[in-house]
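Asker: Chain order of the listed sequences is H and V. Each residue of the first sequence is one higher than the one before, counting from 1 in my numbering. Each residue of the second sequence is one higher than the one before, counting from 1001 in my numbering.
Don't take every hint at face value.
Stated by the list, open to error - The calculated PhoX-like cross-link candidates involving lysine-lysine, where the alpha carbons are at most 20 angstroms apart (straight line), are:
(1) K56(H) <-> K1240(V)
(2) K1240(V) <-> K42(H)
(3) K42(H) <-> K1238(V)
(4) K56(H) <-> K243(H)
Unchecked claim - Short derived list, chain H residues pointing at chain V, Cβ under 10 angstroms:
(5) L21
(6) V171
(7) L230
(8) M239
(9) N258
Source of the hints: derived by calculation from the structure; they are not laboratory data. No residue lacks a Cβ here, since even glycine has one placed at the ideal position from N, Cα and C.
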Amino acid sequence: MTQPSSEVLQKLTPVLTKRWLSPDAYKIDVYQRLDGYAALRKALDVHPDDLIQLVKDSGLRGRGGAGFPTGLKWGFIPQGDGKPHYLVINADEGEPGTCKDLPLMTYDPHSLIEGAIIASYAIRANQAFIYIRGEAVHAARRLRAAVDEAYRKGFLGRNIMGSGFDLDLVVHSGAGAYICGEETALLDSLEGFRGQPRLRPPFPAIAGLYASPTVVNNVGTIASVPYIVLGGADWWKSMGTEKSSGPMIYSLSGRIANPGQYECGLGITLRELIELAGGMKPGHQLKFWTPGGSSTPLLTAEHIDTPMDFEGVAAAGSLLGTTAMQIFSDQDCPVYATWRWLEFYHHESCGKCTPCREGNYWMTRTYRRILSGEGTYQDLDTLMDTADNIFGRSFCGLGDGAATPVMSTLNYFRQDYLDYIEGRTAPRLSSKALVGAH
Amino acid sequence: MTDTNIDFSEAAAPLVEKLLAPALEIIARYPAGRERSALLPLLHLVQTQEGHVSPSGVAFCADVLGINKAQVGAVATFYTMYKRRPTGDYLVSVCTNTLCNMMGGQRVYDELSEHLGVGHDETTADGKITFEHAECLAACDYAPVVTVNYDFAIDEATPESAIALVEKLRNGERPAPSRGARLGSLKEMQHQLAGFSDERDGALADGPAGTPTLRGVTLAQQHGVAVANFNPDTPIAKTKPAREGGNTGNEVKK
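Chain H extracted, bound-state conformation (with noise of 0.2 angstroms):
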């Protein structure tokens, strides 16, 4: 293991996981003493329209992976339309390789409360909901204590805080369906109904929740609004980059030292966050990584000193997704980690779309015949062809997350699929796995 050097060291950004070092911030009386609530008092002293400006000003984008800009969300909402208004947050956490959204309620629910209000606030909503994961029982648990208390202190309900607005938030657990995740399937499911998603337009800012205004933001970026209410906008950007503000919680998995959870602020390359991590794990060589779960296209060594914010991935053939770096070395194989990722995204299809529902059975099956030895040269041409009839040909992106890793390990790493295919890798599932194979 190695240290980092305190040039590296200067760049991590202790802002959403500061609180997490108070093993009970998850009361409110700890929280209050640790500045909250203080953001929700300065926030509804001033006009909601000047707080989307704040946000605006702030250049916060969209924590959940797309990164769309955060204040023109809000900004999207029509004012004086007699409709009433919902905020839904977006707390669906499920992107393989994600996991900061889970700690944060754990430890620190109350940001992600006070952040709710806040922007409901400004939106001009009376009612919040805060979709959570069905498995993330224990975040639940917290969250759902912590709302009741914010009720108790008068945070919440009937005339906040004197302000004469109301607003009510329900905790609303899913129940183990990886497409809620998905802003749009997300309300379908907030309804009642199965999670599938919807075409788009119309937009959530305009036809959302209930086919009324609402705007859907993830946990990270409904908990950075308190920081950047109490700290302002500049000083929100002395963090990150010019056009990806900010401070980040990277989540680092796999074959380094020190797996867990590192903010810092965006633009910052794998080489310093493994550097921070204390290195690769000794005798793994870094060989590929997902630099946002594994509906980002996979990059490799070569791309270890990519700056990581929205402009960076994009540059090098990926997207920042949700910032869940999953590491992988020369022991891993990308073709069986491949076929892995796509078992998943077939379970996971909510099969609305023909393209996503019937690819992803059928490549999961050629991985299949691959790894079991018994693949063909015109098996890579097949997946090849399958990947890009899924690709932006479905009404969300998870058929585009699932053709990605075949197409980014196909273009990076042929030889280990002919590796199988020419018999000298030697088969990784047995000829069981093949029944039902085409």
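Chain V: place on chain H using the hints.
Answerer: For chain V alone, coordinates are given in the frame of chain H:
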């Protein structure tokens, strides 16, 4: 919705006495006219009694929401956490998604499966344990992970630690999980999933966060790294008064 004058079908009848009151409480959380939003929590609720979504459970949800059984069934079959067959006291899930898989999760799954003598989505003959492989459980920095009733039970699991855990569960112990509250039964967990607080003493407290969760922030603390120039009193530019006559929100009558 306060109308309790619901005409329950014969199929739903066994659940009405125990579940009607909490069901109405759940429905009341959602805006008037949007009762169907309560369907997911209601399906969790019926699992508190039966451990799975039975035809009675489907009928109960349909009757209480005034929708038909096909509409409920379509939703119940879509989501993984609604079980279609009776389950054991404990649901043991091993993550076998790529990262956990390659860090040893597949070996944990295979050996535990052999030890229990059941495969994915199957229950042991003694009715204690339902076993499954799970997709990414959002704890990759602790890989491979095993959950029991969705609470993180073992971090950096090995086949040995997983087998030891299930043996404790089968012996009637309720071991402390690696993170989270002490384990209850799967049916008890469904009560929380339906949106009710965990009222058990000490359910919320579980000590500090795990080492991987705190790695970055601990490094920063050890080396005195903080973000400079944070002033919580930084003024917000005001272009208009905070309140223009009363409530700033669009009034929503509940």
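Asker: Just pull the numbers of the violated hints for me, sorted ascending.
Answerer: When the structure is compared with the hints, none of them turns out to be violated.
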